[in-house]
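Each chain, written out:
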Amino acid sequence: EPEVTQTPSHQVTQMGQEVILRCVPISNHLYFYWYRQILGQKVEFLVSFYNNEISEKSEIFDDQFSVERPDGSNFTLKIRSTKLEDSAMYFCASNVGARGNQPQHFGDGTRLSIL
Amino acid sequence: DAKTTQPPSMDCAEGRAANLPCNHSTISGNEYVYWYRQIHSQGPQYIIHGLKNNETNEMASLIITEDRKSSTLILPHATLRDTAVYYCIVRAPLRGSGNTGKLIFGQGTTLQVKP
Numbered sequence: 003e004p005e006v007t008q009t010p011s012h013q014v015t016q017m018g019q020e021v022i023l024r025c026v027p028i029s030n031h032l033y034f035y036w037y038r039q040i041l042g043q044k045v046e047f048l049v050s051f052y053n054n055e056i057s058e059k060s061e062i063f064d065d066q067f068s069v070e071r072p073d074g075s076n077f078t079l080k081i082r083s084t085k086l087e088d089s090a091m092y093f094c095a096s097n098v099g100a101r102g103n104q105p106q107h108f109g110d111g112t113r114l115s116i117l
Numbered sequence: 260d261a262k263t264t265q266p267p268s269m270d271c272a273e274g275r276a277a278n279l280p281c282n283h284s285t286i287s288g289n290e291y292v293y294w295y296r297q298i299h300s301q302g303p304q305y306i307i308h309g310l311k312n313n314e315t316n317e318m319a320s321l322i323i324t325e326d327r328k329s330s331t332l333i334l335p336h337a338t339l340r341d342t343a344v345y346y347c348i349v350r351a352p353l354r355g356s357g358n359t360g361k362l363i364f365g366q367g368t369t370l371q372v373k374p
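Chains as they are written, first to last, in the working numbering: chain A, 3 to 117; chain B, 260 to 374.
A couple of the hints might just be wrong.
[What the hints assert, rightly or not] Derived coverage of chain A by chain B (criterion: at least 3 residues anywhere in the stretch with Cβ under 8 Å from a Cβ of chain B; other residues may be distant):
id, segment
1, 30 to 40
2, 45 to 52
3, 85 to 98
4, 106 to 112
It is worth saying that the hints were derived from the structure and are not from the lab.
Beta carbons: idealized from backbone N, C-alpha and C, even for Gly.
Put together the whole structure using the sequences plus the hints.
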């Protein structure tokens, strides 16, 4: 069964450094998302991406964050200058879009640790 | 904020049915009810979804009340591997760049399956 894959599974970065989290969504999906989950807290929406542009973003998704779909398969989240509070699990998800009610599927996440 | 309310925790004996309730009294006419679960810090896993009819798949059954203000997820024969946090989420269908399909997670129900 097709699945969303994320790399790396764990990323350790010094505060202030840039980090890029990578995702390969399911191949025929049209909607792409990033969520994060700080340890012990709930899953929070960051951004949605459709038709090669951001369709919605949360208050968390400030100017330090950016997303890109550089080719037909990858979907990336970049944090330009990481802060300690960016430490979290980051989940990528995708949705096929057809019929409108199909479920979103998630990757297993990247654990980002900022030192 | 999440549009659903769930009990914070439940226990279930292994081999018995687990019935997880969810209230969504403000659900709109076009919103679907989705259930996901999260095992440890893995990515949320889709279980089942429905609009108004009861649904069943290989993982679970979903019972939606006639007024659609509440639903119950049923795991017919719970195993230890079903121990997880279960999330009930309502979402309108995707519509191009209109509804982006983001999922709003609450705290969910922590289901503990006991031997």
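Quick rundown of the hints versus the structure:
Residue count for the segment 30 to 40 of chain A with a Cβ under 8 Å from a Cβ of chain B: 4. That meets the three needed, and the coverage hint holds. With a cut-off of 8 Å between beta carbons, the segment 45 to 52 of chain A has 5 residues touching chain B; three or more are needed, and the interface restraint holds. Judged by the Cβ-Cβ criterion of 8 Å, the segment 85 to 98 of chain A is covered by chain B as claimed, because 4 of its residues qualify and three suffice. Counting residues of the segment 106 to 112 of chain A whose beta-carbon sits less than 8 Å from any beta-carbon of chain B gives 6, enough to reach three: the coverage restraint holds.
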